[in-house]
Amino acid sequence: MQVKANDYPKESARLLREEPQVRESVTGATLNFDRNRRAAYAEVGAEAWRDWAERVKNHVLTHLDSYLEQAERALIANGVQVHWAEDAEQAQRIVAEVARAAGVKKVVKAKSMLSEELGINPMLSSMGIETLETDLGEYIIQLLDQPPSHIVGPAIHLGLEQIRALFHQRFGTPPDATPDALAGVARKLLREGFLQADMGISGGNFLVAETGTLALIENEGNIRLSTSVPRIHLALVGIEKLLPRFSDLAVFLSLTARAATGQRLGTFVSLLHGPRQASEPDGPEAVHVVFVDNGRSAVLADPEAWETLRCVRCGACLNACPVYRQTGGHAYGYVYSGPIGAVLAPGLVGLEETQPLPYASSLCGACYEVCPVKIPIPKLLLAWRQRAVEENLTPRLEKAAIQGYAWAMTQPWAYRLAAKALRLLPEKALDNTVVPVLKAWVEGRAGLKPSPKSFRELWEEGL
Amino acid sequence: MRVALFVTCLADQFLAEAGVAAVKLLRHLGVEVEFPPAQTCCGQPAYNAGYWNEARQMAAHTLGVFEDAEYVVLPSGSCTAMVRSFYPELYRDMPRKFSKAEALSRKTYELAEFIVKVLGVSTLGLGLEGQRIAYHHGCHALRELGIKDEPLTLLANAGASLVPWEAAIECCGFGGLFSVKLPEVSLSMADRKLSTLPEVDVLTSADGGCLLHLSGRIAHRRLNVAVKPLASVLWEAAQKTPEVDAHAG
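Taken in sequence, the protein lines are chains A and B.
Numbered per the numbering used here, the first sequence finishes at 1886, counting up by one with no gaps.
Numbered per the numbering used here, the second sequence finishes at 251, counting up by one with no gaps.
Treat the hints loosely; a few may be bogus.
[To be verified] Computed, partial: chain B to chain A, Cβ under 8 Å: (1) 14; (2) 15; (3) 42; (4) 87; (5) 181; (6) 214.
[To be verified] Over 10 Å on every C-beta distance to chain A, these chain B residues come out as not near it, computed from the model: (7) 100; (8) 121; (9) 201; (10) 222.
[As the list claims (entries may be wrong)] Covered stretches of chain B, going by a simulated chain A footprint (3 or more residues, C-beta under 8 Å): (11) 27-41; (12) 56-65; (13) 69-79; (14) 163-175.
Everything labelled a hint here was simulated from the structure, so no lab data went into it.
Predicted, not measured: the structure shown is a model, and the values here were computed from it.
Even glycine gets a Cβ: it sits at the ideal position worked out from N, Cα and C.
Use the sequences and the hints to build the structure in full.
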């Protein structure tokens, strides 16, 4: 069943009730990621890095047109074929055309959230092209036919037992196989995939405008293999992923790895500059870069939401978010989950389709605290909520209640009267209420009762 | 020095003892306390839910109520953040209202913050000797206002032993209307927070909303944890001063 963003309230509750092991897995893993991030940030005095990274990204975003042109020139000079996709449909068409022209039958994929956003896998499979996810986590969820649950750890919601059971069922591994043994089986299967594939599809963590360098961070070596073994490499790159200078990469690569997993650098970093040269023994014959807009320029034009585009997709905000920890990413019903997903979704696909997501936060602010490029997520959540109200997308009953409450709170006599009424309620009234809002509240929380006398009464009696 | 106490609607109705304790404590510290009777609610629930017009109505009311105050003190971190940070935000495109909001913002403090930063008092007394206390940092106090050490200093200097708590700075899941819109997620967050709570005599916080939410969950799950508002605990701290002991001796 495809979960929709508008199902968030129902779906998050269902997951907590029916699949509590998701909360266990996600909480454990995110707390660990977050601890590692803190240690790795502390090593470098991350505040200065964050300020700098924010400024560089702001500069790129406010001069995006000229940097995109510069990047295109540099890429072409490196022998890369450059494509532009305004939306998901165009991106799918470009990928399909490249695959068809080259007679591609099998594709290996390096982890790419953008390819999830664009629906590349279902499109390729409808063409009869077999796609193999090569990131171990992605591979596992591909076997389960699930979307990623986390930007960096797509299978973060699964426990070891579930993966053991899956591998036992699919590949006949022993029911108590060690994680190493499971990885070994996957590695063997994936190796065959790399050797058979005609095309490798990747995303792009960064693309340097000055040099046309595509930078990719990973830990498993699968991205390096996906982009160098098959005869064609195609990279899907969001237009916001540009960096101005080659020299900017050093800090961005390290900051992103530190924010994501607490590593100083990914185990593998690939800096790619186009197809194999005559003097080189390996590498793809052809490299394609598809620059994808898919709603990004509309976000860029939005005076509030544009800051969202600084995102480097490290997932640190997911790891720090106590709301995300409860359910993992699937409840959000959108490819990017957690705090960043909640502000990206309305910008990229519209508020009407995603209205509950900006409310999927207690506004605790932990996401902003950890963001390596200082995206003011709480402020953006509030801005989207405000628009939901302006566009009449919030429940009518809620609106009426808030209007009534605002009216009462500007009439001190009405406030006093309400306070009196509260104290005239029978002893257990709040526990057994039928008022929907209060009912939801007192169901899981006992003993909500007003003080015998309000502070105001005590003050008037003389303190 | 005169302080206008903004008790906040939640404390007024559900945690009146926090207001009473705040008055006694401030008077004990030589401050003259007023209670402007027209005060109601700061408007935070409406603001957080996106109803800025309604939030502005309430903010305008509150701006009027506290216009002449020398200082405004609240026994609540999140309502302090509403007045100090978000009132100016509400009026960012309305210069006249904005400058009024800024004026109020500059003289508004959370109780523990006021005691330490404005009154310059970091030791209230020794009334908490031997008590094991866990402090829950309300998110707005912690991240919006940067209040972290003030309450801890006051508690520790009063003899309390502050018990390390893995989840001390994690959100408890209250979040105002968040707890109403997503009740299951909210409760599960409270459970995660409570599951890491070490054995203590008292769980306290500057935020009444968090405390009602957590104590409600504690009662529902029949856990044995005493929950008290920070104002009450600080007043307890002030009641056993070394001087009093000297007289008694």
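How the hints compare with the structure:
1. Because the beta carbon of residue 14(B) sits about 5 Å from the nearest beta carbon in chain A, less than 8 Å, this interface hint is met.
2. For residue 15(B), the interface hint holds, since its Cβ comes within 8 Å of a Cβ in chain A; the closest pair sits about 5 Å apart.
3. This hint holds: residue 42(B) has a C-beta 4 Å from the nearest C-beta of chain A, less than the 8 Å allowed.
4. Taken as an interface hint, residue 87(B) does not check out: its beta carbon lies about 10 Å from the nearest beta carbon of chain A, beyond 8 Å.
5. Proximity of residue 181(B) to chain A holds as hinted, the smallest CB-CB distance being about 6 Å (cut-off 8 Å).
6. The interface hint given for residue 214(B) holds, since its Cβ lies 7 Å from the closest Cβ of chain A, which is under the 8 Å cut-off.
7. Residue placement check: residue 100(B) keeps its beta carbon more than 10 Å from all beta carbons of chain A (closest about 17 Å).
8. The non-interface label for residue 121(B) is consistent with chain A: the shortest C-beta to C-beta separation is roughly 20 Å, beyond 10 Å.
9. Its beta-carbon lying about 22 Å from the closest one in chain A, residue 201(B) satisfies the requirement of being farther than 10 Å from that chain.
10. Residue-level check failed: residue 222(B) sits 4 Å from the nearest beta carbon of chain A, not beyond 10 Å.
11. Under the rule that three or more residues need a Cβ within less than 8 Å of chain A, the assignment of the segment 27-41 of chain B holds, with 4 such residues.
12. By the rule of at least three residues with a Cβ nearer than 8 Å to a Cβ of chain A, the coverage given for the segment 56-65 of chain B holds, with 6 such residues.
13. For the segment 69-79 of chain B, the assignment as covered by chain A is violated, since 0 residues bring a beta-carbon within under 8 Å of that chain's beta-carbons and 3 are needed.
14. Counting residues of the segment 163-175 of chain B whose beta carbon lies closer than 8 Å to any beta carbon of chain A gives 3, which meets the minimum of three for the stated coverage.
Of the numbered hints given earlier, the model fails hints 4, 10 and 13; all others are met.
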